[in-house]
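A.B. asks: All chains should be built: construct the whole structure from the sequences, respecting the hints.
The sequence shown begins at 1 in the numbering used here and counts up by one.
For the record, the hints were derived by calculation from the structure and aren't laboratory data.
Mixed in with the good hints there might be a few duds.
Said to hold, decoys possible - Derived BS3-like pairs (lysine-lysine); straight-line CA-CA distance at most 30 Å:
| id | residue 1 | residue 2 |
| --- | --- | --- |
| 1 | Lys2 | Lys44 |
| 2 | Lys72 | Lys27 |
| 3 | Lys23 | Lys44 |
| 4 | Lys44 | Lys27 |
| 5 | Lys156 | Lys93 |
| 6 | Lys2 | Lys70 |
| 7 | Lys23 | Lys70 |
| 8 | Lys70 | Lys27 |
| 9 | Lys72 | Lys18 |
| 10 | Lys23 | Lys93 |
| 11 | Lys72 | Lys44 |
| 12 | Lys70 | Lys156 |
| 13 | Lys156 | Lys2 |
| 14 | Lys27 | Lys93 |
| 15 | Lys156 | Lys18 |
| 16 | Lys70 | Lys18 |
| 17 | Lys2 | Lys72 |
| 18 | Lys2 | Lys23 |
| 19 | Lys18 | Lys2 |
| 20 | Lys18 | Lys44 |
| 21 | Lys93 | Lys2 |
| 22 | Lys93 | Lys44 |
| 23 | Lys72 | Lys93 |
| 24 | Lys72 | Lys156 |
| 25 | Lys93 | Lys70 |
| 26 | Lys23 | Lys156 |
| 27 | Lys2 | Lys27 |
| 28 | Lys93 | Lys18 |
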Amino acid sequence: MKLYHGSNQDIERIDLSKGLQFKDFGKGFYTTPDRNTAIRMAQKRARLFGGVPSLLTYDFEEQALHSDLKVKIFPERACTEWLLFVDANRDRKNEIQIHSFDIVVGPIANDGVVLQLANFRQGIYTPEEIARLLQDRYLDQQYYFGTEQALEFLTKRGTVLV
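C.D. replies: Take a look at the structure:
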């Protein structure tokens, strides 16, 4: 399977310590099967942090999803479990990683989801209500790699400037 990573620079070797904390699935390396989503991420990152928008392409050995690795796969649509998982990972009160998965697959929490998470934290909606509100929305998918063992299933194929 082909996966993409949008960045503001080329990445020769993935360094998990450089991943940002408080992301959807925690500190790790993120990819997406959607090329256009990765391009948008590259352009956004370059706009925010400088550098050159770069699209990195990887081959992913899907047998990793059925290996001895700890893998969590969420449905493609929003669900309560996914919403609570994203909320916990994004919660700045959690100073340590909240899970021990090697790979996590699921929707990307876009701006609309982030707004709904704020509504949940303020007690406006329950997680179940938010999941129902988001059910009809297509959310781009992401693949999170959180360990060196998981990265062994990714092979870089190239980088193009976008």
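A.B. asks: If a hint holds in the structure, say so; if it doesn't, say that too.
C.D. replies: Against the structure, the hints:
1. Lys2 to Lys44: holds, 22 Å
2. Lys72 to Lys27: Given that 30 Å is the threshold and the Cα spacing comes to 15 Å, the pair holds.
3. Lys23 to Lys44: holds, 16 Å
4. Lys44 to Lys27: holds, 19 Å
5. Lys156 to Lys93: Violated. Lys156 to Lys93 sits at ~34 Å, over the 30 Å cutoff.
6. Lys2 to Lys70: holds, 21 Å
7. Lys23 to Lys70: Holds, at about 19 Å.
8. Lys70 to Lys27: Satisfied, since the Cα-Cα distance of roughly 16 Å is no more than 30 Å.
9. Lys72 to Lys18: holds, 22 Å
10. Lys23 to Lys93: holds, 13 Å
11. Lys72 to Lys44: holds, 27 Å
12. Lys70 to Lys156: At roughly 22 Å apart (the allowed maximum being 30 Å), Lys156 and Lys70 satisfy the hint.
13. Lys156 to Lys2: Measuring from Cα to Cα gives roughly 10 Å; hence the hint holds.
14. Lys27 to Lys93: Cα-Cα ~14 Å, so holds.
15. Lys156 to Lys18: Holds. Lys156 to Lys18 sits at ~18 Å (cutoff 30 Å).
16. Lys70 to Lys18: holds, 22 Å
17. Lys2 to Lys72: holds, 19 Å
18. Lys2 to Lys23: holds, 22 Å
19. Lys18 to Lys2: Given that 30 Å is the threshold and the Cα spacing comes to 23 Å, the pair holds.
20. Lys18 to Lys44: holds, 18 Å
21. Lys93 to Lys2: violated, 35 Å
22. Lys93 to Lys44: Answer holds: Lys93 to Lys44 is near 26 Å, not above 30 Å.
23. Lys72 to Lys93: Holds. Lys72 to Lys93 sits at ~23 Å (cutoff 30 Å).
24. Lys72 to Lys156: holds, 23 Å
25. Lys93 to Lys70: holds, 25 Å
26. Lys23 to Lys156: holds, 23 Å
27. Lys2 to Lys27: holds, 22 Å
28. Lys93 to Lys18: holds, 20 Å
When each numbered hint is compared with the structure, violations occur for hints 5 and 21.
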